[in-house]
Structures are given as structure tokens and as C-alpha cells.
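Asks: Here the protein sequences come in this chain order: A and B.
Quick note: the first sequence, position 75, residue 75 per this note's numbering, numbers continuous.
Quick note: the second sequence, position 250, residue 250 per this note's numbering, numbers continuous.
If you are wondering where the hints come from, they were derived from the structure by calculation, not from laboratory data.
Over the 12 Å line for every Cβ pair with chain A, so calculated as not near, a few chain B residues:
| hint | residue |
| --- | --- |
| 1 | M1 |
| 2 | R79 |
| 3 | V108 |
| 4 | P160 |
| 5 | L175 |
| 6 | W180 |
| 7 | A186 |
| 8 | D200 |
| 9 | D226 |
| 10 | P229 |
| 11 | L232 |
| 12 | P252 |
| 13 | Q322 |
One side only, chain A facing chain B, incomplete, derived with CB under 8 Å:
| hint | residue |
| --- | --- |
| 14 | P20 |
| 15 | A22 |
| 16 | I34 |
| 17 | V59 |
| 18 | Y62 |
| 19 | L148 |
| 20 | A151 |
| 21 | G153 |
| 22 | A222 |
Backbone N, C-alpha and C define an ideal beta-carbon position, used for all residues, glycine too.
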Amino acid sequence: MPWIEAGRKPSMIAEPQFEPLAEDALLLRFGERIDLDLNARVQAAASSLHRQLPQLECVPAYASVLLRFDPAAWAGADGHPHQQVQAAVLAALRDTDPVSHAAHEITIPVCYGGAYGPDLLDVATHVRLPADEVVARHTGAEYRVAMLGFAPGFPYLLGLDPQLAVPRRDDPRQRVPIGSVAIGGGQTGIYPQQLPGGWQLIGRTPLRLFDAASEPPSRLVAGDRVRFQAIDEATFRQLVPGDPP
Amino acid sequence: MNVRILQPGLLSSLQDAGRPGHAALGVGRAGAMDIPAWRLANALVGNRGGEAAIECTLLGPSVVFEEAATIALTGAPLRAQLDGRAVPLWTRCHVPAGSVLRLGGMTVGCRSYLAVRGGFDVAPILGSRSSDLHARLGYQQGRPLRAGDELPIGVADPLPGRHAIKTPYIAPWSLDPQPWFDFTEAPLALLRGSHWSRLDRDSQRGLFAGKFVLSKDSNRTAGRLDGQPLHLETALELVSEATLPGTLQLPPSGQPIALLAEAPVTGGYPRIGQVAATDLPRLAQRRPGDTVCFRESTLEQASARLAARQRRLNLLLERIAQRLQNGE
Chain A
1 MPWIEAGRKP SMIAEPQFEP LAEDALLLRF GERIDLDLNA RVQAAASSLH
51 RQLPQLECVP AYASVLLRFD PAAWAGADGH PHQQVQAAVL AALRDTDPVS
101 HAAHEITIPV CYGGAYGPDL LDVATHVRLP ADEVVARHTG AEYRVAMLGF
151 APGFPYLLGL DPQLAVPRRD DPRQRVPIGS VAIGGGQTGI YPQQLPGGWQ
201 LIGRTPLRLF DAASEPPSRL VAGDRVRFQA IDEATFRQLV PGDPP
Chain B
1 MNVRILQPGL LSSLQDAGRP GHAALGVGRA GAMDIPAWRL ANALVGNRGG
51 EAAIECTLLG PSVVFEEAAT IALTGAPLRA QLDGRAVPLW TRCHVPAGSV
101 LRLGGMTVGC RSYLAVRGGF DVAPILGSRS SDLHARLGYQ QGRPLRAGDE
151 LPIGVADPLP GRHAIKTPYI APWSLDPQPW FDFTEAPLAL LRGSHWSRLD
201 RDSQRGLFAG KFVLSKDSNR TAGRLDGQPL HLETALELVS EATLPGTLQL
251 PPSGQPIALL AEAPVTGGYP RIGQVAATDL PRLAQRRPGD TVCFRESTLE
301 QASARLAARQ RRLNLLLERI AQRLQNGE
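With the rest of the complex left out, here is chain A:
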């Protein structure tokens, strides 16, 4: 399913720029903002390149794609791997619908507030909404995984209701519990393992997002569509027995 109406012609969209990063890496830049449209183009390009040029490692971020390659394999006749990669990428992108991208839809159950979301009341106070309205707005939106980073499987989600934006905590926690659903600035994310972190914790999911031994190891990949669904404590405990808040 396309992310965004794919009505615009490719020629109307600014050409992406290449920036050399290292002997084995180029950055393909689409822009410099956190923006749904921009990220949709990033995801479309990354998945198309991944399909057409499997020998490149393509890593999507908010507004750019990292291209990592083996310089020896791409040296070409003139010995300039970056130019060879650039030419191959441009050729591959010519045949790519710039905004269309098949995305999975995942619903993530979350137990909000209480011991599972110890910052929910602070967030509600800060944004001047009742706590259940914060939950209603958080579950009411559809999100896109802009990228995975920070730790294995940590999804940066776009689509947070701007009214729910809250600053990060002044005193980051040393241990944020696994599965914590959090808001940091205008973004929301999920801690895939116990980690240090400064985002505001509003709930917790019983789903395990990342397990290196599973195939695939990450439940979410960049470009996926995500919704949150509120569950009560009894349901959480049913799904994760023996995991006290």
C-alpha cells in the first residue's frame, strides 16, 4: 500500500544528493528535516535499492540513506568506487516510484500509566490534558517507523500528535524497562531491551520487539505502519507472566 498519494511526478521532486562519508560509504540525502513525505521517499529508495542492488548495504534514516559497499568490488576500471556506486544507484532510482512503498501494519498492545508508564501523569500535566486523553490521542494516531537506531530494534516513530510533544527528562534513567513506550520531544518510541534513556515513559508493551536469535530478529523495520492499542494490567500480565512492573 502506498504511504502517500503517489500523484507527483518524479521530476517535480528535488534530486537527492550524494555525500561521500568514507572509503566504503556514501550518504544519499533527500533533505534535512523530520518529515513524513521526506521519510516516505527515503523508505521507497532504500527498499528499491535493497532489492535491485543487494550487494550494497542500505540503511534508511529520517532524511537520508547510508550506502555501504566493498570498495574493492566496486573499484571499476578507473578505480573510483564512489562514482561506480553513484551511477548504479541513480540508474536504480530512475525506475523507482519515489513515494510508493509496501509497508507492514503492526498493532502494539500497551498498558498505559501506573507502574508501566510512570511518567504518564507528568506528561498529562505538561500538555494540559487528562491522562486518558493522552492515551486516547496516543492510540488514535497512525505512526510510521522512520528508522531503527540507538539500540538494536529501537524504532523512531513519526506521527505523534504534536500536542503530546514533551521535552526529554532532565535526569535520564539508568534502566528503562524492556518494552517501555515513551515520548521524547515530538517523537515516540519503544525500548526493545532494558536500556538507559531520557524519554518520558507512558506505558509498556508485552511484545518483544527484538531478539537476535529470531528470524527476522526485529519485529519492526523502517517504513512499517504502527498503531498502539490500550490493554489493561491483567491482559499485560497474561501475556508476560512473571514480569512485575
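Fit chain B to the known structure of chain A by using the hints.
Replies: Coordinates of chain B only, in the frame set by chain A:
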């Protein structure tokens, strides 16, 4: 067939070439900090190339070999004693069952490698046996080695010419550590980063003219560089983007951070430079308190240097394999 850790040393972990191909999942490469030294240690024991070895940091571990084994040490020079007898680096050594290898402190440099024929055969995670201490992936959830750890050795045919030994044997030939181990404080080649041009004039000069000291807060993720603070002309609001080993970031403190083997896959700080790949092992061999300075290099120069080093390393690997084949 195990190697048991008696004392872990300062920070010892299993490392191989790392786990490329998973950055899109937020999983970095990790892997050996000094790739040529790790590669040569494996070559000296006749491994095919990708086997895990123990990376030691500043002070090596003490281990007992429960079965006879063929080992090699490379990297930073350190005191090594096998049942009280000195063992040199950069050569092959056959150790009888029950031998105890005690590694001491490094006299210069920061990282040494202990390879064993067959490799340390722990379960691979996402295609690698590398311990990512930061992301907690690898042997025992990526923690450093501890006393009591039992590391299995992989199965390998015996080397030609040497069988069932009862006493330690040290091969009569060794490698010249130069140019593979370089602990001099000669400047590291640095490419301009995407945001170098956003530094103020003094900082643009200061990056290449100044001297930095590697801070004691450095680890496998990053080397923190203390020196005259660098400043941007105007503050930048950046969205998180790809970072790589060797990326030189500038946080608001003005003290640059050089990302290393366990570099996170994305970061939001300005990228003011990129350490040339050929000089990353040299940076990995700097210890806290050592001086770090940079000289400017172009991408073309850095790429040519990297290709030349790779050819030289491949040639040496072939020669080592040939000598082992000849039973030397």
C-alpha cells in the same frame, strides 16, 4: 576442547570481523578494533580468516588450555608466559594440554589478539561471534570475558608437520610487526566531514593543527578527544543520520568524539571528520593519555592507501598460508 579463563585481564572479549548488514535494524558491526592484527593472528595459526579471537585491552587475561592447541599473539606488545616460559608475539606456538598462558600488561599500544587454531567456537549471533559490549550481543549477551568462562575451540585439521606435542613449541619464524603495529603518535589521516565547513575558521585550522589527548572515558564505542574546544560558526539543528566507525563527531562541549568499532548506527551530532580506514587500527592502539593529532587527506588519497594496504595484507596472508602448507 576448551580454553578456560583464569583471570580476565582488564577488558577481554571475543572478536571477529563483526556483523555487517544489520545496521538497518539498529545493529552495528562491532568486531575487532585492530582488524589487520586480528586477521594476522588467525593467519599465523592457519585459520581460514573469519574465526573469533580474544581481543585484550591494556592488560591481557590468563587462560588454561584444557587440550593441546596452536596459538598466536599479535597487536600491542605484552608480556606473555606459557608455564613460566616467555612466548613472543607475531609467531605460532603449539601448547600442550594443561598449559597456562599468562598475559601481562602492554608496554605500548592498547590492544592485542590471542588466536587459536580452529577459532573460539561460541554460538554466532546474526552471523558473527563478535561481542558487542554496548548493544549486548554475542557470547554471554556481549559481556566481557570473566574468570571461569569456558570457550570451546573449533574443529580444525592439524597443521602439516606438527602432531601430538608434549612440550611447548615456538615456530622458528615470525612476522615483522611493522607496518601492522604502529604505536607512534604520527598524525592520523582525516577526511573532511559533512559539517567541517560549518566550523569557525580557528576550529577548521585547530582540527588539523591541534593536539588532542585520548580521554580515559574512551571505550570500544568511542574515543573522546580532549583539547582546545572546537566551535561551529552557528549552532546546527541536525536530524539523526548514519554514523560509521571513524566518524569524528562534535558534541556541544566542543571536544570531538571519534566513533570506533561499536559505533552506533545513527547519531545527531555534527560530523566534522572521518578517520581514514587505514589509520583506524592506529587509533585503536592509542591508549588513554596518548596524543592524537590529524593531518588532512582527500577521499582519493585515503581510498588509494586503503587499497594498497589491502593488497599488502593479502600478499602477506598468502605467504603465511604457503609457509604453513610447507610445514614451516
